[in-house]
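Asker: In order, the protein sequence lines correspond to chains A and B. Positions 1 to 113 (our numbering) are the ones given, in order, by the first sequence. Positions 1 to 112 (our numbering) are the ones given, in order, by the second sequence.
Since the hints were derived computationally from the structure, they do not count as laboratory data. Predicted model only: the values in this text are computed from it and were never measured. It is possible that part of the hints are untrue.
Example chain B residues on the side facing chain A (calculated, C-beta under 7 Å, incomplete) [to be verified]:
#, residue
1, TYR32
2, LYS42
3, GLY43
4, PRO44
5, LEU46
6, PHE89
7, ASN98
8, GLN99
9, PHE102
10, GLY103
11, THR104
12, GLY105
From chain B, some residues computed to sit far from chain A (all C-beta separations above 10 Å) [to be verified]:
#, residue
13, LEU11
14, GLN14
15, LYS15
16, PRO19
17, ILE20
18, ALA24
19, ASP53
20, SER55
21, GLU56
22, GLY60
23, LYS71
24, ASP84
A virtual CB, placed ideally from N, CA and C, is assigned to each residue, including glycine.
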Amino acid sequence: ETGVTQSPTHLIKTRGQQVTLRCSSQSGHNTVSWYQQALGQGPQFIFQYYREEENGRGNFPPRFSGLQFPNYSSELNVNALELDDSALYLCASRPDRGQETQYFGPGTRLLVL
Amino acid sequence: QQQVKQSPQSLIVQKGGIPIINCAYENTAFDYFPWYQQFPGKGPALLIAIRPDVSEKKEGRFTISFNKSAKQFSLHIMDSQPGDSATYFCAASRYAGNQFYFGTGTSLTVIP
Numbered sequence: 001e002t003g004v005t006q007s008p009t010h011l012i013k014t015r016g017q018q019v020t021l022r023c024s025s026q027s028g029h030n031t032v033s034w035y036q037q038a039l040g041q042g043p044q045f046i047f048q049y050y051r052e053e054e055n056g057r058g059n060f061p062p063r064f065s066g067l068q069f070p071n072y073s074s075e076l077n078v079n080a081l082e083l084d085d086s087a088l089y090l091c092a093s094r095p096d097r098g099q100e101t102q103y104f105g106p107g108t109r110l111l112v113l
Numbered sequence: 001q002q003q004v005k006q007s008p009q010s011l012i013v014q015k016g017g018i019p020i021i022n023c024a025y026e027n028t029a030f031d032y033f034p035w036y037q038q039f040p041g042k043g044p045a046l047l048i049a050i051r052p053d054v055s056e057k058k059e060g061r062f063t064i065s066f067n068k069s070a071k072q073f074s075l076h077i078m079d080s081q082p083g084d085s086a087t088y089f090c091a092a093s094r095y096a097g098n099q100f101y102f103g104t105g106t107s108l109t110v111i112p
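Model the full structure from these sequences, guided by the hints.
Answerer: Next up, the structure:
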C-alpha cells in the first residue's frame, strides 16, 4: 500500500453538475498531483500543488480546480461536468517537488451521464 | 500530441517468457524515465526508473534498456510469471519537473 487514499471510490453524476474528489497523502508529502485516466489510456496530468499552491498545470480547462490543505489532504473540483469527464481520477503524492518517486492512490472512478 | 509513444498495446506471453515493451519520446529535455505497473482497481505503482546517463538498469527481473540517440527505452521482464499480468505504463519527465507524461499503456497477460 502507498499510504495514499482517495474518496469516494466510485461516483455517478449527470452532465452540468459539480463534483469534489478527495485525496489523503502520506504525512510529510508536500506535493500532490492529480491525473485523469480515461479508459484504456495513460494518466494525463491535470495539475500539481506544492505547499498549498498550484505550481504546474496540464492542458485542462479552468473548470478543473484544486485545493491542498496543511493536513496533507487535497481536493479536485470539477464544475459543469461533461460526458468526456468520465474517467479514473488519480492523485499522487511525493515528499517534495524535487523528488521523482510519486505514490499513487487507488483512484476515484467518475461516471458522467 | 502524445509526448511518449508506447507499444504494443497488448502482449500475451507464456510463463517464463521475456515480454518487451517499447517507448519513444521526442522532448530531449526529458531526463527521468519511470515504468509503472497497474493492476485492476489500483493506482499505478513505480516499478523501475532510469536516467539517460546509463544505458541499462536492472532491478530483480525487470530491466530497462535506454537508447539516448534513438530517444527510445524499453522494459524487459525476465522469467515472466502469471502474477506479472497487469498494465504497464512508461513515463517521462524533466528533472524535478512537475509534470509526468505517460504512454498509453500495454496490457500484459502471462499464461501459466
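Asker: What are the numbers of the hints that this structure violates, sorted from low to high?
Answerer: none
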